[in-house]
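Trainee: Residues in the sequence shown are numbered from 1 upward in steps of one, following UniProt numbering.
It is worth saying that the hints were derived from the structure and are not from the lab. One or more hints might be untrue.
Dumping the calculated SDA-like pairs for lysine to any residue here, alpha-carbon to alpha-carbon at most 25 Å [what the hints assert, rightly or not]: (1) 79 / 60; (2) 68 / 57; (3) 68 / 55.
Now the in silico label distances, taken between C-beta atoms and shown as ranges [what the hints assert, rightly or not]: (4) 51 / 14: 27 to 33 Å; (5) 76 / 46: 41 to 47 Å; (6) 45 / 82: 38 to 44 Å; (7) 53 / 73: 56 to 62 Å; (8) 60 / 81: 51 to 57 Å; (9) 70 / 46: 35 to 41 Å; (10) 45 / 73: 45 to 51 Å; (11) 49 / 87: 56 to 62 Å; (12) 83 / 53: 29 to 35 Å; (13) 74 / 47: 36 to 42 Å; (14) 58 / 82: 35 to 41 Å; (15) 52 / 79: 38 to 44 Å; (16) 61 / 87: 35 to 41 Å.
Where a beta carbon is used, it is the ideal one built from N, C-alpha and C, also for glycine.
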Amino acid sequence: SQNRDPPPREEGEIPPTQAEQEEEEDVVEIVTTTGDRDVVDPDPFTSVSAQILIGEIMGCNLELENLKKNFNDVIQKNKNIIDVLGPV
Numbered sequence: 001s002q003n004r005d006p007p008p009r010e011e012g013e014i015p016p017t018q019a020e021q022e023e024e025e026d027v028v029e030i031v032t033t034t035g036d037r038d039v040v041d042p043d044p045f046t047s048v049s050a051q052i053l054i055g056e057i058m059g060c061n062l063e064l065e066n067l068k069k070n071f072n073d074v075i076q077k078n079k080n081i082i083d084v085l086g087p088v
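Could you build the full structure based on these sequences and the hints that come with them?
Mentor: Structural data, given as structure tokens:
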């Protein structure tokens with residue numbers, strides 16, 4: 001599979017515009033790893049599939065935010081308990 005990372009820029013080089021990047025990214029290849037070989041997904045990457053992936057990511061992000069809040073609540077409760085008990 002091809003490396004999609006842009007080459008490092010020289011000092012003073014102007015980054016490509018979004019339009020230029022989109023021209024370069026017209027061909028998209030979805031590759032999944034199965035065992036020790038790459039398998040190319042025959043279905044083209046579409047805006048519909050991109051929207052589905054974005055929705056999935058947003059759902060996961062919301063779940064992570066909720067977990068983070070719960071985690072922080074537990075930490076705060078523990079700090080409150082320690083403050084009440086004082087040094088042991």
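Trainee: For a quick check of understanding: which of the numbered hints are violated here, in increasing order?
Mentor: Result: hints 1, 6, 7, 8, 10, 12 break, sorted rising.
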